[in-house]
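Each chain, letter by letter, is given below.
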Amino acid sequence: MNPTTRDSRNKRPIRKAPFVVIPAFLLLWLIGVATGEPARVLEQAVQVCLSCIGIG
Amino acid sequence: MEFVRKWVQVTIGFLTNSSWAFPFTKTIYQGPLKVICAPGLNCYSCPASTTYCPLGSIQQLLGGLRFALENGQHYFGLSVLGSIGVLGGLFGRLICGWACPFGFIQELLHKIPSRKFGIPRMLSYGKYMFLLLFVVVLPLVLIDEFGTGHPWFCKFVCPAGTLEAGLPMLFLQPNLRNTIGLLFLNKFVILILFLTWAVFSSRPFCRTACPLGAFYALFSKVRLIKLHLDEAKCTNCKACHHVCPMGVKFNESPDDPECITCLACMNKACKFDAISLEIGGIPLAVPDRGLSPASKP
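In the order they appear, the protein sequences are chains Z and W.
Heads up: the first sequence begins at 0 in numbering that gives the first Met the number 0, then just goes up one per residue.
Heads up: the second sequence begins at 0 in numbering that gives the first Met the number 0, then just goes up one per residue.
Bear in mind the hints are in silico, worked out from the structure with no lab data behind them.
Model, not experiment: these values are computed from the prediction.
Note that CB positions come from ideal geometry on N, CA and C, so glycine has one too.
Careful: at least some of the hints might be erroneous.
Stated by the list, open to error - Label pairs and their computed distance ranges (CB to CB):
(1) Z:Q46 - W:W19: 13 to 21 Å
(2) Z:A38 - W:T26: 17 to 25 Å
(3) W:K220 - Z:L26: 18 to 26 Å
(4) W:W19 - Z:L29: 28 to 36 Å
(5) W:K110 - Z:L26: 41 to 49 Å
(6) Z:L29 - W:G30: 17 to 25 Å
(7) W:F23 - Z:Q46: 16 to 24 Å
(8) W:P22 - Z:V19: 46 to 54 Å
Stated by the list, open to error - Quick list of in silico lysine to aspartate or glutamate cross-link-like pairs, DMTMM-like style, CA-CA up to 20 Å:
(9) W:K267 - W:D229
(10) W:K270 - W:E251
(11) W:K270 - W:E230
(12) Z:K15 - W:D254
(13) Z:K15 - W:E277
(14) W:K220 - W:E230
(15) W:K232 - W:E277
(16) Z:K15 - W:D255
(17) W:K270 - W:D229
(18) W:K25 - Z:E42
(19) W:K232 - W:D272
(20) W:K220 - W:E277
What the hints assert, rightly or not - A few chain W positions that, by computed beta-carbon distances, are all more than 10 Å from chain Z:
(21) M0
(22) K115
(23) I191
(24) S201
(25) C243
Could you put the whole structure together from the sequences, leaning on the hints where they help?
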């Protein structure tokens with residue numbers, strides 16, 4: 000890696016979009032957690048859903 | 000790097016399926032870890048699964064939305080959407096390439112020596128149809144006499160569920176074999192079709208039918224970790240076209256929604272260091288082979 004190459008890469012701008020998208024979905028997750036959704040998800044996940052896997 | 004990726008795939012496969020008591024309990028893991036979202040397609044009715052499948056959960060929550068709202072519970076699937084949204088924002092379809100057990104199984108099958116075929120690009124739009132229709136619309140709209148929707152993708156399509164959960168549960172609980180009907184046969188045929196197709200084409204399920212891959216693909220332009228093309232260094236030699244397991248023409252479409260960031264183009268194909276891995280615009284890894292643009296043919 001030569002210095003010129005490194006310099007040109009360093010000039011690449013920081014992309015801002017991920018720093019908007021990730022907190023936005025983190026907020027959705029927090030809202031879901033606040034409504035008690037994980038307990039419902041866990042309730043579903045610990046049961047074998049036979050029709051879901053094509054049996055019954 | 001390919002060796003590292005394989006180890007990551009195996010490790011994550013074991014971490015998301017680390018409950019090995021099922022030969023004795025004859026059922027699935029029922030502990031608290033199942034509140035954690037699996038990053039890839041990993042059926043939560045798999046006996047060894049220690050995480051929940053985001054697709055299965057979101058279909059169940061949307062199917063039960065009417066019932067939940069009548070009981071004052073606002074279960075819109077936001078925690079599930081938030082979980083996979085954060086993963087998508089961070090990694091996008093890198094998860095397909097590094098953390099999905101069903102993708103890994105397809106990769107192994109593709110190693111079986113045979114004549115290999117491409118997949119028409121048009122078929123890649125099928126997965127968006129499955130995401131919209133089978134995961135969101137049908138579970139939400141088509142309800143039974145109890146006011147509950149069904150997990151349409153899990154119930155009628157998902158080959159990962161048949162392989163990881165349906166078949167093992169039939170093996171563990173012989174009494175279930177009496178309940179096998181057309182529903183199971185339909186899913187079994189779909190499983191066999193995709194597994195056979197995977198021998199001849201690379202990752203056919205990921206490319207044509209996976210709703211989770213379709214969701215992560217929506218983040219192709221905005222994800223934090225992605226591959227970057229240095230157009231000044233690219234010679235358009237098209238070497239990257241020939242190694243991509245997803246049929247991406249990277250030099251023509253560097254933010255392609257099909258890119259699973261397996262790094263094959265960067266490490267196996269590009270001789271000009273035109274492809275690099277970056278985090279939010281900051282270079283993370285660049286293969287340095289001592290070649291400069293001046294050495295272009």
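So, going through the hints one by one against the coordinates:
Taking the beta carbon of each, Z:Q46 and W:W19 are about 20 Å apart, inside 13 to 21 Å as hinted. Between Z:A38 and W:T26, the C-beta spacing of about 21 Å keeps the proposed range 17 to 25 Å intact. In this structure the hint that W:K220 and Z:L26 lie 18 to 26 Å apart at CB holds, the actual value being about 21 Å. Under the hint 28 to 36 Å, the C-beta atoms of W:W19 and Z:L29, about 33 Å apart, fit the expected range.
For the hinted restraint 41 to 49 Å between W:K110 and Z:L26, the CB-CB distance of approximately 42 Å keeps it satisfied. Here the CB-CB span from Z:L29 to W:G30 is close to 24 Å, well matched to the stated 17 to 25 Å. As the Cβ distance of W:F23 to Z:Q46 is approximately 19 Å, the hint placing it in 16 to 24 Å holds. In this structure the hint that W:P22 and Z:V19 lie 46 to 54 Å apart at CB holds, the actual value being about 47 Å.
Between W:K267 and W:D229, the direct Cα distance comes to roughly 17 Å. Compliance with the 20 Å bound is thereby established for this hinted pair. Restraint check for W:K270 and W:E251: satisfied, since their Cα atoms lie roughly 17 Å apart, inside the 20 Å limit. The hinted pair formed by W:K270 and W:E230 meets the criterion: a straight-line CA distance of about 14 Å does not exceed 20 Å. A hinted pair counts as satisfied when its Cα atoms are at most 20 Å apart, and Z:K15 with W:D254 qualifies at roughly 16 Å.
For the given pair, Z:K15 sits about 13 Å from W:E277 by alpha-carbon distance, which is consistent with the 20 Å threshold. Our distance criterion of 20 Å between C-alpha atoms is met by W:K220 and W:E230, whose separation comes to about 17 Å. Taking the CA atoms of W:K232 and W:E277, the gap is near 16 Å; set against the 20 Å cutoff, the hint holds. Between Z:K15 and W:D255 the alpha-carbon distance is near 19 Å, which keeps this suggested pair within the 20 Å criterion.
For the hint pairing W:K270 with W:D229, the CA-to-CA distance comes to about 13 Å; that is within 20 Å, so the pair holds. Between W:K25 and Z:E42 the alpha-carbon distance is near 19 Å, which keeps this suggested pair within the 20 Å criterion. The straight-line distance between the Cα atoms of W:K232 and W:D272 is roughly 7 Å, inside the 20 Å bound, and the hint therefore holds. A C-alpha spacing of about 13 Å is found between W:K220 and W:E277, which places the hinted pair at or below 20 Å, so the restraint holds.
Distance check on W:M0: its Cβ is at least 17 Å (rounded) from any Cβ of chain Z, clearing the 10 Å threshold; non-interface status holds. The claim that W:K115 lies off the interface holds: its Cβ sits roughly 30 Å from the closest Cβ of chain Z, which is beyond the 10 Å cut-off. For W:I191, the condition that its CB be more than 10 Å from all CB atoms of chain Z holds, with the nearest at approximately 13 Å. Distance check on W:S201: its Cβ is at least 26 Å (rounded) from any Cβ of chain Z, clearing the 10 Å threshold; non-interface status holds.
Every beta carbon of chain Z lies more than 10 Å from that of W:C243, the smallest distance being close to 23 Å; the non-interface claim holds.
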